[in-house]
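> If you're matching them up, the sequences are chains A, B, C and D in order. The first sequence begins at 1 in this note's numbering and counts up by one. The second sequence begins at 1 in this note's numbering and counts up by one. The third sequence begins at 1 in this note's numbering and counts up by one. The fourth sequence begins at 1 in this note's numbering and counts up by one.
Hints may contain errors.
One copy or two, either will do: identical chains are not told apart, so a pair holds if it fits within one copy or between any two.
[What the hints assert, rightly or not] Straight-line distance between alpha carbons at most 25 angstroms, and here's what the computed DSS-like set of lysine-lysine pairs gives:
{"id": "1", "residue 1": "K239", "residue 2": "K193"}
{"id": "2", "residue 1": "K162", "residue 2": "K17"}
{"id": "3", "residue 1": "K193", "residue 2": "K162"}
{"id": "4", "residue 1": "K216", "residue 2": "K155"}
{"id": "5", "residue 1": "K216", "residue 2": "K193"}
FYI, nobody ran anything at the bench for these hints, they're computed from the structure.
Number of protein chains: 4
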Amino acid sequence: MDVGLVGIGNMGSGIAKSLLRAGHRVTAYNRTRARVDALASDGIQVAATPADACRGEAVLTILADDAAVESVVFDDNGILGALPQGGLHVSLSTISVALSDRLAAAHASSAQQFVSAPVFGRPDAADAGRLAVVAAGPPVSVDRCKPLFEAMGPKLMVVGEKPSLANVVKLSGNFLIASVLESLSEAIAFVRKSGVDPTALMDFLTSTLFNSPVYKTYGSLIVEGKHEPAGFAVPLGLKDVRLVLQAAEARSVPMPIASVIRDRFLTAIARGNQHSDWSVLGRIAAEDAGLPTTKKATA
Amino acid sequence: MDVGLVGIGNMGSGIAKSLLRAGHRVTAYNRTRARVDALASDGIQVAATPADACRGEAVLTILADDAAVESVVFDDNGILGALPQGGLHVSLSTISVALSDRLAAAHASSAQQFVSAPVFGRPDAADAGRLAVVAAGPPVSVDRCKPLFEAMGPKLMVVGEKPSLANVVKLSGNFLIASVLESLSEAIAFVRKSGVDPTALMDFLTSTLFNSPVYKTYGSLIVEGKHEPAGFAVPLGLKDVRLVLQAAEARSVPMPIASVIRDRFLTAIARGNQHSDWSVLGRIAAEDAGLPTTKKATA
Amino acid sequence: MDVGLVGIGNMGSGIAKSLLRAGHRVTAYNRTRARVDALASDGIQVAATPADACRGEAVLTILADDAAVESVVFDDNGILGALPQGGLHVSLSTISVALSDRLAAAHASSAQQFVSAPVFGRPDAADAGRLAVVAAGPPVSVDRCKPLFEAMGPKLMVVGEKPSLANVVKLSGNFLIASVLESLSEAIAFVRKSGVDPTALMDFLTSTLFNSPVYKTYGSLIVEGKHEPAGFAVPLGLKDVRLVLQAAEARSVPMPIASVIRDRFLTAIARGNQHSDWSVLGRIAAEDAGLPTTKKATA
Amino acid sequence: MDVGLVGIGNMGSGIAKSLLRAGHRVTAYNRTRARVDALASDGIQVAATPADACRGEAVLTILADDAAVESVVFDDNGILGALPQGGLHVSLSTISVALSDRLAAAHASSAQQFVSAPVFGRPDAADAGRLAVVAAGPPVSVDRCKPLFEAMGPKLMVVGEKPSLANVVKLSGNFLIASVLESLSEAIAFVRKSGVDPTALMDFLTSTLFNSPVYKTYGSLIVEGKHEPAGFAVPLGLKDVRLVLQAAEARSVPMPIASVIRDRFLTAIARGNQHSDWSVLGRIAAEDAGLPTTKKATA
Numbered sequence: 001m002d003v004g005l006v007g008i009g010n011m012g013s014g015i016a017k018s019l020l021r022a023g024h025r026v027t028a029y030n031r032t033r034a035r036v037d038a039l040a041s042d043g044i045q046v047a048a049t050p051a052d053a054c055r056g057e058a059v060l061t062i063l064a065d066d067a068a069v070e071s072v073v074f075d076d077n078g079i080l081g082a083l084p085q086g087g088l089h090v091s092l093s094t095i096s097v098a099l100s101d102r103l104a105a106a107h108a109s110s111a112q113q114f115v116s117a118p119v120f121g122r123p124d125a126a127d128a129g130r131l132a133v134v135a136a137g138p139p140v141s142v143d144r145c146k147p148l149f150e151a152m153g154p155k156l157m158v159v160g161e162k163p164s165l166a167n168v169v170k171l172s173g174n175f176l177i178a179s180v181l182e183s184l185s186e187a188i189a190f191v192r193k194s195g196v197d198p199t200a201l202m203d204f205l206t207s208t209l210f211n212s213p214v215y216k217t218y219g220s221l222i223v224e225g226k227h228e229p230a231g232f233a234v235p236l237g238l239k240d241v242r243l244v245l246q247a248a249e250a251r252s253v254p255m256p257i258a259s260v261i262r263d264r265f266l267t268a269i270a271r272g273n274q275h276s277d278w279s280v281l282g283r284i285a286a287e288d289a290g291l292p293t294t295k296k297a298t299a
Numbered sequence: 001m002d003v004g005l006v007g008i009g010n011m012g013s014g015i016a017k018s019l020l021r022a023g024h025r026v027t028a029y030n031r032t033r034a035r036v037d038a039l040a041s042d043g044i045q046v047a048a049t050p051a052d053a054c055r056g057e058a059v060l061t062i063l064a065d066d067a068a069v070e071s072v073v074f075d076d077n078g079i080l081g082a083l084p085q086g087g088l089h090v091s092l093s094t095i096s097v098a099l100s101d102r103l104a105a106a107h108a109s110s111a112q113q114f115v116s117a118p119v120f121g122r123p124d125a126a127d128a129g130r131l132a133v134v135a136a137g138p139p140v141s142v143d144r145c146k147p148l149f150e151a152m153g154p155k156l157m158v159v160g161e162k163p164s165l166a167n168v169v170k171l172s173g174n175f176l177i178a179s180v181l182e183s184l185s186e187a188i189a190f191v192r193k194s195g196v197d198p199t200a201l202m203d204f205l206t207s208t209l210f211n212s213p214v215y216k217t218y219g220s221l222i223v224e225g226k227h228e229p230a231g232f233a234v235p236l237g238l239k240d241v242r243l244v245l246q247a248a249e250a251r252s253v254p255m256p257i258a259s260v261i262r263d264r265f266l267t268a269i270a271r272g273n274q275h276s277d278w279s280v281l282g283r284i285a286a287e288d289a290g291l292p293t294t295k296k297a298t299a
Numbered sequence: 001m002d003v004g005l006v007g008i009g010n011m012g013s014g015i016a017k018s019l020l021r022a023g024h025r026v027t028a029y030n031r032t033r034a035r036v037d038a039l040a041s042d043g044i045q046v047a048a049t050p051a052d053a054c055r056g057e058a059v060l061t062i063l064a065d066d067a068a069v070e071s072v073v074f075d076d077n078g079i080l081g082a083l084p085q086g087g088l089h090v091s092l093s094t095i096s097v098a099l100s101d102r103l104a105a106a107h108a109s110s111a112q113q114f115v116s117a118p119v120f121g122r123p124d125a126a127d128a129g130r131l132a133v134v135a136a137g138p139p140v141s142v143d144r145c146k147p148l149f150e151a152m153g154p155k156l157m158v159v160g161e162k163p164s165l166a167n168v169v170k171l172s173g174n175f176l177i178a179s180v181l182e183s184l185s186e187a188i189a190f191v192r193k194s195g196v197d198p199t200a201l202m203d204f205l206t207s208t209l210f211n212s213p214v215y216k217t218y219g220s221l222i223v224e225g226k227h228e229p230a231g232f233a234v235p236l237g238l239k240d241v242r243l244v245l246q247a248a249e250a251r252s253v254p255m256p257i258a259s260v261i262r263d264r265f266l267t268a269i270a271r272g273n274q275h276s277d278w279s280v281l282g283r284i285a286a287e288d289a290g291l292p293t294t295k296k297a298t299a
Numbered sequence: 001m002d003v004g005l006v007g008i009g010n011m012g013s014g015i016a017k018s019l020l021r022a023g024h025r026v027t028a029y030n031r032t033r034a035r036v037d038a039l040a041s042d043g044i045q046v047a048a049t050p051a052d053a054c055r056g057e058a059v060l061t062i063l064a065d066d067a068a069v070e071s072v073v074f075d076d077n078g079i080l081g082a083l084p085q086g087g088l089h090v091s092l093s094t095i096s097v098a099l100s101d102r103l104a105a106a107h108a109s110s111a112q113q114f115v116s117a118p119v120f121g122r123p124d125a126a127d128a129g130r131l132a133v134v135a136a137g138p139p140v141s142v143d144r145c146k147p148l149f150e151a152m153g154p155k156l157m158v159v160g161e162k163p164s165l166a167n168v169v170k171l172s173g174n175f176l177i178a179s180v181l182e183s184l185s186e187a188i189a190f191v192r193k194s195g196v197d198p199t200a201l202m203d204f205l206t207s208t209l210f211n212s213p214v215y216k217t218y219g220s221l222i223v224e225g226k227h228e229p230a231g232f233a234v235p236l237g238l239k240d241v242r243l244v245l246q247a248a249e250a251r252s253v254p255m256p257i258a259s260v261i262r263d264r265f266l267t268a269i270a271r272g273n274q275h276s277d278w279s280v281l282g283r284i285a286a287e288d289a290g291l292p293t294t295k296k297a298t299a
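If we strip away everything but chain A, and leave its shape as in the complex, we get (with noise of 0.2 angstroms):
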């Protein structure tokens, strides 16, 4: 398929890749030009605005927030302006439920097709073509994504015809991956200062009952208190409990660990850790524990 990409950070840059690769046709924009130049011998062409991105037979946006979605969308020059009647708008972001919505419903006012396919994985996976997919939107628009969603990883869930399902499922799982974060910060700290080797307790628990990816990589993160450089930073993580806690909100729903989480991510920030991993909830229950840490944080 011919598509444009909106967006060539750590995500956008492995996607692009991983399209290219399964032989469909990218014209990119991004905000900072050497990016897309960076993949022209990966076959990739240069857009010079979103609008120029929006001339093949879907557009797809992979960028950190809803700001920045939203401009390139409704600034001058966007998508939304851009897009022909019957064109497809393929959000791949973590965004907020609200601007899921917003956008399906800007799409379909200008007769324009619109799917959230927010993705779950890593910027090597991104890479490497794993990414697992979580869409949402109508079935003949998911349809028509389906090569581009292949091209990105072997997992795709369809979640609804409504856009913002897939993103209430995305800040879902984001929420469960914060949630083993803290409560394994605080097991480890407890067992430390217990005098259990951590690291023993860690190769026990993930080859039993937690023998799962989330618990492998972050439980090793926390134990050696490696947290820098970030793959994830805090406020990225913070900002996906945010907005968990915003759209359970709009609906009344508590969720009080989400809420500890978000207190702990704060806590990370005013202490100096806003460039670290988001695993460094390890850190600060290690400090309010008394315990000692890889690195003195500073304010």
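On the provided structure of chain A, position chains B, C and D as indicated by the hints.
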């Protein structure tokens, strides 16, 4: 080996069978004798008192809580008085760190050996010899237990020389499971109220990031609202969280998620779910979000 | 002084009367004009648009939330466009710190003056000229407002030159009141379930350590379970806690008690108490403790 | 009256003086005898054992915790053994509801009388005879105590016939004070980081909505960061919150704010503030917000 076994509840019964199947000889005491008699055809011998179970190479205790263990050890005709010098007591129960320390001291001052070896697994795993054992104690004592542990399950973690370290690990593990229950309960209430099919959500999550037994088992119980009959009843879950909080308090370790879970278990009991499975946290989260639930709790 | 007043709700109506009683001339705008007409006999003049209320020495706004204030300021025929250079806008509403900053910037760039002066007190205090006013803004602007503040109540706190500082104080005060609601709710549930007469408890506490209006007023509402009709409805309480949490998040300040209260307000709404007074936290605490409550909430 | 008094700590010493000043005769026991001798000039008599303090019309105990009370009551030469039939034990200490129930049962089975009468007030109030007393017990026994209570302070609340009800009230009161500490700590961290002068804030609040002693006293300690020397040390505050949580758990009452406070006290201790006043929650909130604090805590 010739062993005594004190406590033939759901777990003890399965452990007895696994020991017998592996060729050990088991003399068992249970307050309600009928439960021992039920295992007569498996070859079990009956002990009239805990003391009578102390004549073999080791005596194992597997009981519901601290009070039960204290009673069979410290009361008249108890293990402490009956065990000879050099005799070995192996505590398999989920008890407090403080009681484990007290048992270690009491046996040491009677020149007896003590190993703490709580187990992970439900009654069916006990029956099938598929428990995971976490053991701590003097290496020579732990070594003596190994044929017994092998009969109980394939997975053994030896955590140190101080017996109560094994209790720290066991309590941490149960805390992590309870954290999963609460975070899944919140996430599922959120997606249900947002219009996402929670079964599809759990299928997706447990085939990607969270493909571990805990998420699979409890995710489906919470989605279905199937909390009766109890596999592990709320008061036992509350007890374990209380023991974690007490042990962590003794070491000045705050555990905010454990505090949240404790409050939710109390609400579960206050609203009439004391006989339900600890996964009933899913019902509490649903009620707090104003969702319909499977069963009207009665106070 | 000749002043405009935008917003004749329960609070605005009382403020209008206090201003008139003190000899000021008031021209008022309200979306529903009937509420202004009801004050005709008090001598109020009717403005057809917010712009029409901008012809005096100052225009005051007292509205329910950010959206309402944004609308009367920024929309066509709004205050920003109508106010002359040097004109003064005094915002009495409980709005977000962020909106207060935005208003300050907008008025400054139009060479207008802006004072933020949220008020503490219920509608009866507004009526009686007994509000407490927290004001912030350039000293010369705050001075211009003093005759108005004196008419509104005897107590004035000037908190700084940056208008949004007054909003920080107002939100902090409301957070502290909400904290009292929740802590009293928990304490009263605890003593009721323990067999202590909660009326006697509150009589004792409010005549010793806690002899302040907040404890007296709300203690008795919670003890009696009298949460309808609402003096200050749950959604307004939730809004204020949300504004505190947002402003605190912007400064990386965790506020765990505010998080707890937010969750409880959400449960209150989810269980059908959206029209109740924010003291309904007492009913939620009672329900969570399995106690009978005054009214069966309906979802 | 002729009374025995067991416990001459900061509180007991003041109570002794108040009793003597009111004309009562006091025979006192203290583990460290020098503290009794220091009151010789006030007219106090020395008892060599708790039993020796049981020869008057009543024996009063005022000690730090459950363990201390258990020891002087149940040990050899303790009160239970020494008090004659019909003898009266008045417990003034802040002890657990469970111990209060146990004392009631033990004295009843020895045909002795028991009144629980914990007191509100700091040592200076004890000295000055300005304590507030909360008493519970059989009416005839409480009546016998009235001359003593009158000497201790002007304020008496009789809460019921079951002695432990007085402990429920005392613990609830201390929970409410601790809630004020934590909510003020959060609010003050928020306003400080927002640029508001916290002294001005507290002046305003305590002259309007929160004009009660608790807010005045602790607001100023938190604003000044003056937590040493301790008026009431962190471990005592933690003990009281623990007793509240235990008693509430026994009645299945969740108390989420109490849980938050417990976690914060643990962090305070873990970070080296175990000798500070319980108002040190202000320092913890400031640290968690990344604010500079008055004293670098040492682990």
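> Each of the hints needs a verdict: does it hold here or not?
Structure-based check of each hint:
no., hint, verdict
1, K239 to K193, "between (31 angstroms within a copy, 21 angstroms between copies)"
2, K162 to K17, "neither (29 angstroms within a copy, 50 angstroms between copies)"
3, K193 to K162, "between (48 angstroms within a copy, 14 angstroms between copies)"
4, K216 to K155, "both (21 angstroms within a copy, 18 angstroms between copies)"
5, K216 to K193, "within (21 angstroms within a copy, 31 angstroms between copies)"
Of the numbered hints stated above, the single one contradicted by the structure is hint 2.
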